[in-house]
Amino acid sequence: MSRAPRWAGALLALVLTWLVGYPLLVTLAESLGLPAGLDLSSFAEFVRRPDEWQAGWHSLWISAASVALAALVGIPLGFLFARHEFPGRRLLGSLVILPIALPPLVGVIAFLFLYGESGLLTRVVQLGLGLDEAPWRLNGPGAILLVHAYSLYVFFYLFTRAALARFDASVLEAASALGAGRGYTLRRVTLPLLAPALVGAGLLTFMTALGSFSAPYLFGGGFRVLPTQIVASKLNGELAMARVETVMLAALAFLGLWLVRKLDVDRHAVAGGARGIAPSRRRLQSRGARLAATVAGWGLAVFLLLPHLTLVLISFVPPVSWTTELLPPVLGLVNYESLAATPERLRPVFNSLWMALAATAGALLLGASAARLSLTLRGRLGRWLELLLVVPWAIPGTVFAVALALTFSVRAAWMGRFVLVGTLWILPLAYLVRSLPVTGRSALAGLRQFDARLEEAAASLGAGKVYTWRRITLPLLAPALAAGASLAFITTLGDFVTSIVLYTYDTRPVSVEILSSLRLQDTGVAAVYGVFLMLVSATIFLVWGRQEGV
Amino acid sequence: MAFLELERIRKRFGDLVVLDGIDAAVAEGETLVLLGPSGSGKTTLLRILAGFETPEEGRLRVAGEDVSALPPARRNFGMVFQHYALFPHLDVGKNVAFGLAARGVPAAAQGSRVAEMLALVELPGFERRAVHEISGGQQQRVALARALAPSPRVLLLDEPLSNLDPALRERTRRQLRAVLRRVGITAVWVTHEQQEAFDVGDRIALLDGGRLQQLGTAAELYSRPASRFVADFVGQASWLGGRRVAAGEVEVAPGVRWRVAADAGAASAGEVAVMLRPEDACLVQPATGVLAGRVRASRFTGHATEVEVELDDGTRLLVASHEAVPAAGSLVGVEPLAGRSSPRAFAPAGGDGGAP
Ligand SMILES: Nc1ncnc2c1ncn2[C@@H]1O[C@H](COP(=O)(O)OP(=O)(O)OP(=O)(O)O)[C@@H](O)[C@H]1O
Ligand SMILES: [Mg+2]
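Protein sequence lines, in the order shown, are assigned to chains A and B.
With our numbering applied, the first sequence covers 1 to 550.
With our numbering applied, the second sequence covers 551 to 906.
One chain only, chain B, in its complex shape (with noise of 0.2 Å):
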C-alpha cells in the first residue's frame, strides 16, 4: 500500500540533531502535511526526500525501489520552493518547460504539455509573460505548474501559502488542494500552520524538535492527541491536575469526579493532566460535586461564546457557551459534556506539556 516509505531518517547540522529517526508511509495519491513549530526540521526532512540533504541514517522508498542514493535530478520528485524560485530570465511558458526540457521533450510536446499544465493552474495564455510581471499568488500557481509538467512521482511543497496575503491564501489553497486531487499525485506539503494542515492533509505528520510526534488523519491528532504537546499543537486545550480514583476516573477538585478518556501513558499514573476542549464543556448552575469557577471575561467568536472560567486555585478554563452568559465575576459551575473526545488524562507535567 505505502508508496512513499521514510525509514529512520536522522539528520543533524554539526552537533544539532534536526531529525531524530523519522519513519513515515504516504499512500500512492495521498497528502501527507508535515505539520510543527518553526525549526522543529520540517523543511529538513523535505530536503531530505528532494534529495537536497543526505542523511546520516535512514532510507527512502518509493514503490519499494531504494531512491536514498539518488541526486536530486534523478528521483523525479516535483518541488514547490516556498519563494518559488522561479527562473527569472525565462518567461513563465519556459519556467514550465524546464523540466521537459531538461528531460529533452520534443518542443511540439513541451508547448501543449505547458498549455495543458497553465490551463489546470487556472492561468491560460500565461506564456508569454515575465515572471516578475504576475501577482505573488500567479507566480505560486506557475511554480506548482513547473513542478507537474514532467508528471513527477511525488510533489513536495514547502510552506507554498506563506508569501501570500491571508485573503488570497485561503483561496490559492482551494485551488492548489483542487488540483493535487485531480492530478492524484502523491504529495508532501509542509506547514506550520494547523488550519492549513487540517484543510489540505489526508493525514498530519506533527514533528517537533525533529522527533515524530504523532501521525495520523486531522480527526485523530484533535480527539486522540497522542501527548501534551499534540493536544496544545492542533487546538484549544485547557488543562487542569487531578488524581485518579478508579479506571477512567478523575477527581479534578476535591468532591468533583470526572469520567476521563486516557492512553496506556497516563493510565497507571496516580496524578494526571486532565486537557479539556472548550467546546466540549458547558456551563451549569454552581452546585455539590460540580466543577466551580468565576467568569473572567468572554469573547463572542461567532459560533459560540468563549468563557473564560477561573477556579479557586486560579487555573483557568475556556468554555464555548451557546447560551447567554452570565456577567463577569459570578459564579459558575463547567461540567464536560457527555460522549466527547474531552477530558483526556495525561502523564503529569515533565515540563514539556502546555498547561498552566
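Only chain A is shown next, with the shape it has when bound in the complex (with noise of 0.2 Å):
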C-alpha cells in the first residue's frame, strides 16, 4: 500500500477525536465537576439514591441472564443449522439471523403486537380458556428478558455455528476411533473446542443487552436500567445526575470492550481460515428423524419470526376494526393509504431516509479513510485512528446520545463546542458517530484481508495507481465496504435511542413517530412504520449485508 502523508492521517484524528472522543472526555469531565474544580458529590449522590445504584444493578443482571437465556436459544438453533441437512436449510439459516438486523423498536413493537396484552396470542390464550382477562401482562424485567433472549440469540447461533464449520472433522473421527460415544464426544471435544467462540458470542450478547434501551423502555414500567434512567434523567432536567449515570454505563461498556478485546473476540466471528475438513452435514438416515430435523428447523424458524409476522398481520387491520375477536375480522390497505396521503406522516421516513443515508456516506468516507490511514501509517498516529474507530462500537447509544447533547448545547467555539442541540444538524452528525465503528471497523477488517501483493502485481503489469485502485483495490474491498455501509444504514434508519434524546420537531424520525402512533392508539399505522423499517432493513441486510457475518 502507498504511503498516506502524514498530515493527512493528524486531520483525520482531529476530526475523529473530536466527534467520537471529546463529547465522552467533556461528560466526564464535567460529572466531576470539572473545570470549576473537583467534586464528586455527584458520584456520591448516585450511590446514596437506592434507585440511582439499583438501576445499574438492573442493568447488569438483566444483561447477565440475557446472555444465558440467548444461550439457550442460540446454542442448539446453531447445532441444528451447521450439522443437520433438512428442506429450506439455507433460506431459514438466513432469515433467522435477521432479528439482530432489524431495527430494536420494531422487534419490541412487534413483540408488543404478540405477546402484549391485546396481542394476538394473548387473546388465543384468553378467549381458548374463556379468561375474563389477559393472562399475562407483558412489563417488568421478564418482558425485557423474553425480547433481549429473542433477538440477542443470533450471536450464539452465528457463532456456533462459524465454529462448526471450522471444526476439523478429523478430530470427530479420532473421537470415534478411541470409542467414544456421541454424547461423550460432545461434551469432550466438541464443546471444549466451541468453548472460545461461545465466550466470544456471550461478551457480545452483554454488551448488547447493556445498551438495550427499546425493550426496557417500552416494557420497563418502574423497572428502570441505566440506559433508560439516563434518559429518564436528561428529560427530568437533572443534568448531573444524567453525567455521572453516563458515565457509569461507559465504564461497564469500556470494561466489556476490554474484556472482548482481551479474549480476541472478533476471531471466532466469521468461518474460514479452517485446517482440515469441516465435517460434512449429516444426511439423516433415519427418515423418522429427517422428519424431526425439519420440523425443529422450521418450528424454531417460525417462531422466532412470528412476532415480525404479526406485525405485518397488523398493519393491515383498519383503526378501531378489531375489538374481542379472536383473529382481525376485516383486513386491508387502509393504514398504507393513510400514511401515503397524509404528508405528515410522510415527513418522518423522509427524514429518516436522508439523515441515515447522509450519515451512512460521511462514516463510509471518514471510516474507509481512518481505517486506511491507521494501517499505512505506523506508530501512535496509526494506532490512535485505529483505536478511534474500534472503540465507540462497545459505547451504548444512549451514552453518545447524552455525552453529544450535553457537550453540544454549550457555546464555547474556542473549545470546540457549539450549539447543535435543537438545530437539524445534531440527529445526523450522532448517527455518524453511532455509524462510524461499524463502518470503521468492517473497512479495517477488508483491508486487513486484503492482500498487498495484488497492488504490486497489477503494478508490476504497468497498471498506475488510479486503474490499480479501479480494477483491483476497490473490487476487492467493496463487499466489506458495502457490508459496513449497509448495516450502518440499518442502524441509523431504525435508530431509537439516540434520535429519543436528539430529535426536533422537524427532523423527528421514524422511530419516534412509531412511538406517537403507538400513544395514539394508532396501531395499524406504528405496524406500518414498523413494516417499512423491516423491509428496507431486511433487503439491505439480506443483499450487501452478509459478508461480514453480522
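Hint data in this document are derived by calculation from the structure and do not stem from the laboratory.
Backbone N, C-alpha and C fix where the C-beta goes; we use that ideal spot for every residue, glycine too.
Incorrect hints may appear among the rest.
[To be verified] In silico contact screen, one side only, chain A against chain B (beta carbon under 7 Å); selected entries: (1) R453; (2) A459; (3) S460; (4) V466; (5) Y467.
Quick one: dock chain against chain with the hints and give me the complex.
So this is what it looks like as C-alpha cells:
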C-alpha cells in the first residue's frame, strides 16, 4: 500500500477525536465538576439514591440473564443448522439472523402485537381458556428478558455455526475411533473446542443487552436500567445525575470492551481459516430423524419470526375494526393509504431516509479513510486512529446521545463546542458518530485481508495508481465496504436510542413517530412504519450486509 | 552485451544491511538465478529490480537506460510472485489480459494475445475459469502467462516453484524453462534450491548475507568455487586440514601428499583447508603414502555407493565408489582421482566455512 501523508492522518485524527472522543471526555470531566474544581458529590448522590444504583444493578443482572437465555436458544439452533441437512435449511438459516439486523424498536412493537395485553397470542390463550382478562401482562424484567432472548440469540447462533464449520472433521473421527460415543464426544471434544467462540458470543450478547434501550423503555415500567435511567434524568433536567449515570454505563461498556479485545473475540466471528476439512452435514438416515430435524428447524424459525409476521398482519388491520374477536375480522390497505396520503405522516420516512443516507455516506468516507490511514501510518497516530474507529462500537447509543447532547448545547467555540442541539444538524451528526465504528471496523477487516501483493502485481503489469485502485483494490474491498455501509444504514434508519434524546420536530424520525402513533392508539399506522423499517432493513441486510457475518 | 545491469546495489532495513553492494550484469535472453540460503536477500534484490523497494545506493540499467527512478508500473518488468498473487475476483482470461488492459490495448487484440499466452503455457481455452478452481501448477502457469502477456523487457520470478509438491515441481520447472527459452526473455529467477538453480540458470549469482559470493555458470560454481561457502552450498564436499609443502602440493596427513588446485587466496597460506568432492575420490588398498581410514557407513544412491570414511583424527570423508564396498570397520585408503576439479585448497576456516 502506498504511503499516505502524515498531515492527512493528523487532520483526520483531529476530526474523529472531536466527534467521538471529545463528547465522552467532556461528559466525564463535567461529571467530576471540572473545570471548576474536583467535585464528587454527584457520584456520592448516585450511590446514596437507591433507585440510581439499583438501575446499575438491574442493568448487570438483566444482561447476564439475557446471555443465559440467548445461549439456550442460539446454541441448539446453531447445531441444528450446522449439522443437519433438511429442506429449506439455507433460506431459514439466513432468515433467523434477521432479528439482530432489524431495528430493536421494530422487534419490541412486534412483540407487543403478539404477546402484549391485546396481542394476537394473548387473545388466543384468553379466548381459548375463557378468561376475563389477559392471562399475562407484558412488562417488567420478564418482558425485557423475553425480548432480549428473542433477538440476541443470533450471536450464539452465528458463532456456534461458524465454529462448527471450522471444525476439523478428523478430530471427531479420532474421538470415535477411540471408542467415544456421541454424548461423550460432545461433552469432551466438541464443546471444549467451541468454548472460545461461545465466550465471545456471550460477551457480545452481554454488551448489547447492556446498551439495550427500546425494550426496557417500552416494557420496563417502573423497572429502570441504566440506559432508561439516563434518558429519564436527562428529560427531567437532572443533568448532573445524567452525567454520572452516563459515566457509569460507559465504564461498564469499557470493561466489556477490554475483555472482548483481551479474548480476541472477532477471531471467532467468521468462518474460514480452517485447517482440515469441516465435517459434512449429516444427511439423516432414518426418515423419522429427518422429519424431526425439518420440523424442529421450521418450527423454531417460525416461532422466532412470529412477532415480525404479526407486525405485518397488524399493519393490514384498519383502525378500531378489531375489538374482541380472536382474529382481525377485516384486513385492508387503509393504514398504508392513510400514511401515503398524509404529508405529515410521510415526513418522518423522508427524515429517516435522508439522515441515514447522509450519515452512512459520511461514516463510510471517514471510516474507510481512517482505516486505510491507520494501517499505512505506523506508530502512535495509526494506533490512535484505529482506537477511535474500534472503541465506540462498544459504547451504548444512550451514552453517545447524552454525551453529544451535553457537549453541543453549550457555545464555546474556542473549546470546539457549538450549540447544535435543537438544530437540524445534531441528529445526522449523532447518527454518523454511531455509524463510524460499523463502517470503520468493516473497512479495517477488509483492508487487513487484502493482499498488498495484488497491488504490486498490478503495478508490475504496468497499471497506474488510479487504474489499480479502480480494477483491483476497490472491487476487492467493495464487499467489506458494502457490508459496513449497509449495516450502518440499517442501524441509523431504525435508530431509536439516539433519536429520542436528540430529535427536533423537523427531524423526527420514523422510530419516534412509531412511539407517538402507539400513544395515540394508532396501532395500524405504527405497524406500517414498522413494516417499512423491517422491509428496508431486511432487504439491505440480505443483499449487502451478510459478508461480514453481522 | 549486458542488457540488465546492477551496479553497487545496497539496501538496509533499519540497522540490518540486507544487500551490501551487489554488482551483476545479465545478457539479453539470459536467465540469471539468484541462489542463496534463507534470509540472504534474494527476494529483496528482486523487489528492488521490480521497483517495489528503493535501494539506498546503486543503479539499475536496462539496455543502457537508467531505470532506477522509474515506478514499478513504468518499468515494463514482468513478475511472477511466490504465491502467484492472481486477482481472485477476475477469471483466468481477465487476469492474463490485465496488463494489456492497463496499457489500453483494444479488447480484440487483448483476446488474441490472451489465447496465445494461454496456449504458450499449455492452458488453451482456460479463459473463463475462476482462478480458485484450477490447480496450483495451473495457477503458476497462469501467473507466468499474465506476466508475459504485455511483452515485458525482463521477467522476474520469486521462488516460482516453492508452492508446488515435489513431483509437480520438476515437471513445472521444465515447462517454465521451455517457455522462457521459447520467448527468449531476459529473466531473473530466485530460488534457494541448488538443483533448480543448476537446471534453469544460464548463470547463477550466489548470495549470502547480502553479499554476492560468486557469479558464474553452474559448472564454474561447482568446479571452481570461490569460497568454502560456495563449495559447500553447490554440492557435497568433504574437508580436511593440510599444510602446503610446495606449489600445488599439500600434505593432508603425515607422509601423504596430494596435488591440489588453489586460488590466489589460498596460494600463500601455510595451513590450508582441502575440499574433496565424493565423485573425485576413490577407495584403494591401504598403503604407505595413502590416506587411511575406516569405513563407517555406506549408502547406495543408484549411480554409486556413498562411503563414509573416518580418519584417525576423526575427520570424515565421503567417497562415491563404483565398486564393491568393504564392510563397515575395514581399513581402506582414499585417493583423489587424477584430472578432476578437486581436491582444492582454501584459506583455512575463519569460522565461515563448512569444514568440520
Ligand atoms: N520489509 C522488511 N523489513 C525489515 N526487514 C526485512 C524486510 N524484508 C526483508 N527483511 C530482512 O531482510 C533479510 C533478507 O530478506 P529476503 O526476504 O530478501 O531474503 P530471501 O533471501 O528472499 O529469503 P527466503 O529464502 O527466506 O525467502 C532478512 O533478514 C529479512 O528478515
Ligand atoms: Mg524470499
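Legend entry - Status of the A/R453 interface restraint (C-beta, 7 Å, chain B): Holds - the Cβ of A/R453 comes within 7 Å of chain B, reaching about 4 Å at its closest.
Legend entry - Hinted contact A/A459 with chain B - closest CB pair below 7 Å: holds (4 Å)
Inset, instruction - Against chain B, run the beta carbon of A/V466 and see if the smallest gap drops under 7 Å. - result: violated (11 Å)
Legend entry - Satisfaction of the A/S460 interface hint, Cβ to chain B closer than 7 Å: Result: holds, 4 Å to nearest chain B Cβ.
Legend entry - Interface hint outcome for A/Y467 [beta carbon to chain B under 7 Å]: It holds, given that the least Cβ distance between A/Y467 and chain B is near 5 Å, below 7 Å.
Violation of the numbered hints given earlier is confined to hint 4; every other hint is satisfied by the structure.
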